[in-house]
Amino acid sequence: MKILPKDTFLILCVFGLDSFITRKIQKMHVHELNPWRTLIALSVFIVILIVGFLTMHKPLLKYEVDMKQSMEELKKPDACFSPVELNEFLNKKNQNVVLFDIRDNFTFGQGHIPGAENISANELTQEKNIKRLEDLKENGTTVVLYGEDQLQANGPWMLFRQVGFDNVKILLGGYQYYIQHKDNLADKTESDFKKGVPRYNFAEIASRNNNTQVNSETAAKKSVVVRRKKKAVAAAGGC
Amino acid sequence: MNRNYIFLTILMLVLATGTLFVNKTIKLKQVEPQQLLMEIVQPTRYVNTDLVAKMIIQNDPSLELIDVRSANEFGKFSLTNAINIPLDSLINESSLDYFGIPGTKVVFISNDDIEADQAWVLTKRLGFNSIYVMKGGLNRWMETIIQPQKPSDDSPLTAFETYEFRNGARLYFTGAKIDNEETGKVKVVVRRKKKSAAASGGC
Numbered sequence: 218m219k220i221l222p223k224d225t226f227l228i229l230c231v232f233g234l235d236s237f238i239t240r241k242i243q244k245m246h247v248h249e250l251n252p253w254r255t256l257i258a259l260s261v262f263i264v265i266l267i268v269g270f271l272t273m274h275k276p277l278l279k280y281e282v283d284m285k286q287s288m289e290e291l292k293k294p295d296a297c298f299s300p301v302e303l304n305e306f307l308n309k310k311n312q313n314v315v316l317f318d319i320r321d322n323f324t325f326g327q328g329h330i331p332g333a334e335n336i337s338a339n340e341l342t343q344e345k346n347i348k349r350l351e352d353l354k355e356n357g358t359t360v361v362l363y364g365e366d367q368l369q370a371n372g373p374w375m376l377f378r379q380v381g382f383d384n385v386k387i388l389l390g391g392y393q394y395y396i397q398h399k400d401n402l403a404d405k406t407e408s409d410f411k412k413g414v415p416r417y418n419f420a421e422i423a424s425r426n427n428n429t430q431v432n433s434e435t436a437a438k439k440s441v442v443v444r445r446k447k448k449a450v451a452a453a454g455g456c
Numbered sequence: 035m036n037r038n039y040i041f042l043t044i045l046m047l048v049l050a051t052g053t054l055f056v057n058k059t060i061k062l063k064q065v066e067p068q069q070l071l072m073e074i075v076q077p078t079r080y081v082n083t084d085l086v087a088k089m090i091i092q093n094d095p096s097l098e099l100i101d102v103r104s105a106n107e108f109g110k111f112s113l114t115n116a117i118n119i120p121l122d123s124l125i126n127e128s129s130l131d132y133f134g135i136p137g138t139k140v141v142f143i144s145n146d147d148i149e150a151d152q153a154w155v156l157t158k159r160l161g162f163n164s165i166y167v168m169k170g171g172l173n174r175w176m177e178t179i180i181q182p183q184k185p186s187d188d189s190p191l192t193a194f195e196t197y198e199f200r201n202g203a204r205l206y207f208t209g210a211k212i213d214n215e216e217t218g219k220v221k222v223v224v225r226r227k228k229k230s231a232a233a234s235g236g237c
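Residue numbers (the working numbering), protein chains in the order written: chain A, 218 to 456; chain B, 35 to 237.
Keep in mind the hints are simulated off the structure, nothing from the lab. All values reported here derive from a predicted model rather than from experimental measurement. Among the hints, a few may not be true.
Stretches of chain B that chain A covers, calculated by requiring three or more beta carbons in the stretch to come under 8 Å of a beta carbon on chain A [as the list claims (entries may be wrong)]: (1) 38-50; (2) 65-73; (3) 107-115; (4) 122-131; (5) 139-148; (6) 191-201.
We treat Cβ as the ideally placed atom computed from N, Cα and C, and that holds for glycine.
Taking the hints into account, I'd like the entire structure generated from these sequences.
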């Protein structure tokens, strides 16, 4: 909970009012004769507190899951949307899905997945877009985020799941994967679009032996043997 | 004793206990979600492999490499001076001690950049600053530093400069012999024949 300047002001008001009245009462020595005055001060005090709490700044987003759970969210298989599922959506088999393209408007205009809506990453924090997500969550609609590559949508996807939008999924492979394999999305298996796997045998590639042989380009050329011709006649004469 | 004093005392006590509950809800300092989302959408956290290589070679004391792959993968291959914190144990108390050290720049590394980025979001939520992600991860490290590709002839000058640097970095990281290049020179063998007759004449 955050204490805002407005709240601090209210608290100061209360203390000011309180001490003012107390001083007045002490001066006049009437507090025992006139309990009403104390009662009025008390009710004003309580009313101001209630007003302060009611008008307290309410954040647009709030963490719904703690750190440990956020970690587990990452491993949930149903938190991801595979290109195979995307293919089903594009073939009108699964219609309870909304695609959000988080690239900027210009890139979106150059080409996008059919049926996608453009909400650029910078606009995600806008109140109307958060409201939109809340509405979609109530309807039970799946929201799929995608960017140029999977990395671009990774952060926003993680955040939305942490603030409780468990209907938000990420498109594996991102737009780049989609555009490359547009025509055969259904045939691909997990190993084609799965991220986070080493593409090389690091230890082998970076080893010393491997690298002394890499330079095939500059491999030793054949040595050329130069033979001098025998001079037919010995040099004779002089000046 | 006046009745009003008792009321006031009770009221103050109630309010005081209220503050106890307020404190209890805040366990870990966290960045507000909206603030976090604003930081997430900025691409400033990505550093490229060339910069990381340069910092390792220069022995930059501010560089702190955190490898979030599993301990098994880390054992097979790791970058110089990297610290292994698998993503699963990232938010343990003991792991968090590695972050927020003044004057250090933490760079997350994984196979590609997805897991490193996830580690970034989690630590950013806890409010740590000067944390970065190596873009492309170890896959790109292999493609750029360990096996650099020669730029085509019409590439800009900077591409050639990068290539030169990467070649040097490759030698640094793999320990390949530097005289390898020199084997490319043509070896000239000269065989002199015995002269059949002594040169005669002269002044």
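Comparing the hints with the structure gives:
1. Interface restraint, the region 38-50 of chain B with chain A: holds (4 residues with C-beta to C-beta distance below 8 Å; minimum three).
2. For the region 65-73 of chain B, the stated coverage by chain A is satisfied: 6 residues place a CB nearer than 8 Å to a CB of that chain, which reaches the threshold of 3.
3. Coverage of a stretch by a chain is defined here by at least three residues with a beta carbon nearer than 8 Å to that chain's beta carbons; for the region 107-115 of chain B and chain A the count is 3, and the condition holds.
4. With a threshold of 8 Å between beta carbons, the proposed coverage of the region 122-131 of chain B by chain A holds, since 3 of its residues qualify and at least three are required.
5. Counting residues of the region 139-148 of chain B whose beta-carbon sits less than 8 Å from any beta-carbon of chain A gives 5, enough to reach three: the coverage restraint holds.
6. Counting residues of the region 191-201 of chain B whose beta-carbon sits less than 8 Å from any beta-carbon of chain A gives 0, not enough to reach three: the coverage restraint is violated.
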